[in-house]
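Protein chains: 2
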Amino acid sequence: MDIAEVAKASGLPASTLRFYEEKGLIQSIGRNGLRRFFSGDVVERLALISLGRNAGFSLDEIGEMFTVDGAEINRALLLAKAAELDKKIKELSAMRDGLLHAAACRAASHFECPKFLRLLRIAGKNQVRQPNKLKDKKLKRGVKKA
Amino acid sequence: MDIAEVAKASGLPASTLRFYEEKGLIQSIGRNGLRRFFSGDVVERLALISLGRNAGFSLDEIGEMFTVDGAEINRALLLAKAAELDKKIKELSAMRDGLLHAAACRAASHFECPKFLRLLRIAGKNQVRQPNKLKDKKLKRGVKKA
DNA sequence: GTACAAATTAAAGTCGACTTGAGGTCAAGC
DNA sequence: GCTTGACCTCAAGTCGACTTTAATTTGTAC
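These protein sequences, in sequence, are chains A and B.
Taking our numbering as reference, the numbering of the first sequence is continuous, increasing by one, and the terminal residue is 258.
Taking our numbering as reference, the numbering of the second sequence is continuous, increasing by one, and the terminal residue is 258.
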């Protein structure tokens with residue numbers, strides 16, 4: 113497939129595909145003159161990458177996770193990442209419950225509501241700071257605002 | 113409390129506190145000369161902000177969510193954000209299961225494993241692109257690498 | 001054989017969330 | 001009365017993940 117086809121199939125702009133190739137996340141299977149040529153597999157790989165990004169992993173992490181070093185995958189790393197996600201899921205659940213409660217609660221300030229405060233503390237447990245995330249901004253191609 | 117006390121109590125650097133104030137996320141209750149003076153409440157508010165960041169909301173979103181416009185809170189917005197989190201939670205769960213499976217599965221390439229591919233597709237449903245997230249990098253103060 | 005849409009490169013720009021740096025103010029201790 | 005350390009402001013810098021731009025270079029259709 114040429115880059116335009118991959119772009120259409122994956123929903124990613126060609127510039128991103130080139131960028132990913134440069135980072136080593138995907139590979140073109142050759143060139144037709146200057147033009148890259150990709151195997152169909154790249155589309156699934158891109159899906160996996162998008163998934164990882166969506167789950168909050170950086171491109172570098174994704175690279176580590178899904179590269180076969182030799183023939184042996186980094187199983188320990190995958191398990192660690194799974195555990196990370198699990199923790200994150202618990203935090204998000206607490207946050208969601210907090211929001212739902214805040215929307216329903218009648219206390220003028222949430223800080224006066226013991227239930228809310230309790231959720232705050234639960235969610236605050238083993239918290240991990242991170243740059244920025246989730247936010248859906250540049251959902252230009254294919255995906256519409258949630 | 114002065115800024116150093118808030119910094120210690122919240123685990124955030126003073127520079128961040130100034131930045132948050134500038135963005136309108138927190139307020140100092142006055143000045144002692146040049147020096148800001150904060151009420152103790154700000155610490156809980158900061159906890160809430162950290163929580164929101166951790167859940168993937170941008171500072172602007174957090175501002176919208178937890179500002180009392182008039183006396184009436186944005187309940188609809190809170191519900192919408194809760195729903196967003198709920199979706200995210202489902203995606204992360206699928207991803208986690210995918211990782212766990214990948215770590216256990218014997219197929220040389222995951223792309224040959226139907227179970228993995230199925231998880232891929234499930235998680236890929238109503239996906240939402242986002243800038244970058246989760247990653248714990250600048251966890252300098254208080255919080256250690258996960 | 002020529003035009004042109006599409007691909008290529010390298011470099012620079014963007015965005016959010018902070019951090020860092022330079023230069024200045026001020027209360028307290030010596 | 002002067003140094004010091006904590007705080008201040010404003011501007012510029014950083015980081016990850018891309019995007020944009022400008023200047024080419026084609027493959028392909030006519």
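Hints may contain errors.
Stated by the list, open to error - With a straight-line Cα cutoff of 27 Å, these simulated DSS-like cross-link-like pairs (lysine-lysine) come out:
| hint | chain 1 | residue 1 | chain 2 | residue 2 |
| --- | --- | --- | --- | --- |
| 1 | A | K120 | A | K135 |
| 2 | B | K135 | A | K120 |
| 3 | A | K120 | B | K227 |
| 4 | B | K227 | A | K199 |
| 5 | B | K120 | A | K135 |
| 6 | B | K120 | B | K135 |
| 7 | A | K227 | A | K199 |
| 8 | B | K227 | B | K199 |
| 9 | B | K135 | A | K135 |
| 10 | B | K227 | A | K227 |
By construction, these hints were calculated from the structure, which means they are not laboratory data.
To see whether the hints hold, each was checked on the structure:
1. A hinted pair counts as satisfied when its Cα atoms are at most 27 Å apart, and K120 of chain A with K135 of chain A qualifies at roughly 21 Å.
2. Taking the CA atoms of K135 of chain B and K120 of chain A, the gap is near 39 Å; set against the 27 Å cutoff, the hint is violated.
3. Among the hinted pairs, K120 of chain A with K227 of chain B is consistent with the structure: their alpha-carbon atoms are about 25 Å apart, no more than 27 Å.
4. Using a Cα cut-off of 27 Å, the hinted pair K227 of chain B and K199 of chain A holds, with the two alpha carbons roughly 24 Å apart.
5. Of the pairs offered as hints, the one joining K120 of chain B and K135 of chain A is violated, with about 39 Å between alpha carbons and a cut-off of 27 Å exceeded.
6. Proposed proximity of K120 of chain B and K135 of chain B is supported: the alpha carbons are some 21 Å apart, at most 27 Å.
7. Distance hint between K227 of chain A and K199 of chain A is fulfilled; the C-alpha atoms sit about 22 Å from each other, no more than 27 Å.
8. The hinted pair formed by K227 of chain B and K199 of chain B meets the criterion: a straight-line CA distance of about 22 Å does not exceed 27 Å.
9. A hinted pair counts as satisfied when its Cα atoms are at most 27 Å apart, and K135 of chain B with K135 of chain A does not qualify at roughly 35 Å.
10. A hinted pair counts as satisfied when its Cα atoms are at most 27 Å apart, and K227 of chain B with K227 of chain A does not qualify at roughly 41 Å.
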